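> Sequence:
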Amino acid sequence: MKRTSSVVLLACMTAVLAGTGPALATLGQKSDSVARDRRALAATQKSASSTAAYTIQELALDSTTIREYLNASGIVFAIAWKGMIHPDFDTILGNYANEYWTAKRATERKHGRKGLRIVTPRVVVETWGHMRDLQGRAYLPAMLPEGVNVDEIR
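As numbered in mature numbering (1 follows the signal peptide of the UniProt record, and there is no 0), residues -25 to -1, 1 to 129 make up the sequence shown, in order.
FYI, nobody ran anything at the bench for these hints, they're computed from the structure. Treat the hints with care, as some may be off.
Simulated pairs of lysine-lysine, DSS-like, Cα-Cα distance not exceeding 25 angstroms [stated by the list, open to error]:
hint: 1; residue 1: K85; residue 2: K57
hint: 2; residue 1: K79; residue 2: K89
hint: 3; residue 1: K57; residue 2: K89
hint: 4; residue 1: K57; residue 2: K5
hint: 5; residue 1: K79; residue 2: K57
Distance ranges between label pairs, derived from CB positions [as the list claims (entries may be wrong)]:
hint: 6; residue 1: T30; residue 2: K85; range: 29 to 39 angstroms
hint: 7; residue 1: A78; residue 2: S24; range: 28 to 38 angstroms
hint: 8; residue 1: H105; residue 2: S48; range: 15 to 25 angstroms
hint: 9; residue 1: K79; residue 2: D108; range: 31 to 41 angstroms
hint: 10; residue 1: R80; residue 2: T30; range: 15 to 25 angstroms
hint: 11; residue 1: E83; residue 2: A28; range: 16 to 26 angstroms
hint: 12; residue 1: M106; residue 2: T26; range: 26 to 36 angstroms
hint: 13; residue 1: H105; residue 2: E33; range: 32 to 42 angstroms
hint: 14; residue 1: D65; residue 2: P116; range: 31 to 41 angstroms
hint: 15; residue 1: K89; residue 2: D126; range: 13 to 23 angstroms
hint: 16; residue 1: R84; residue 2: A27; range: 38 to 48 angstroms
Keep in mind the model is a prediction, meaning the values are calculated, not measured. Idealized CB from N, CA, C, for every residue including glycine.
Please take these sequences and the hints and turn them into a complete structure.
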């Protein structure tokens, strides 16, 4: 009986903690979502940099660094991360989340493969890495600034 209680308690704690992941900027939203995220997460702005085509806002959380890419119109067209956890995909993908989850469910799982690439008509999500070093990016191909190579998003 005691073992069952411990298992149930552990399962409940895991579910609660998994559901309280940090909120992040959402693809397709305006740049004001970056400042809102920074305040909500108590994150520190690690750096900001610009190119002729886009601006990068980098936020530092306890265990993950998030890079939000904004086009000249101030719209988040890509998000990249590196750290101990992946971000909450429902939050970062916003209106594109259902499309992503449907495509992911339809993708055959390949054992031993560390990377995953999900492509839908409107969003691309790529994840890779290993425990304690998880990385990935999500981007909107239609919103990539002209001349920007996807490999710049990291």
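> Would you pick out the hints that fail for this structure and give their numbers low to high?
Structure breaks hints 8, 9, 10, 11, 13, 14.
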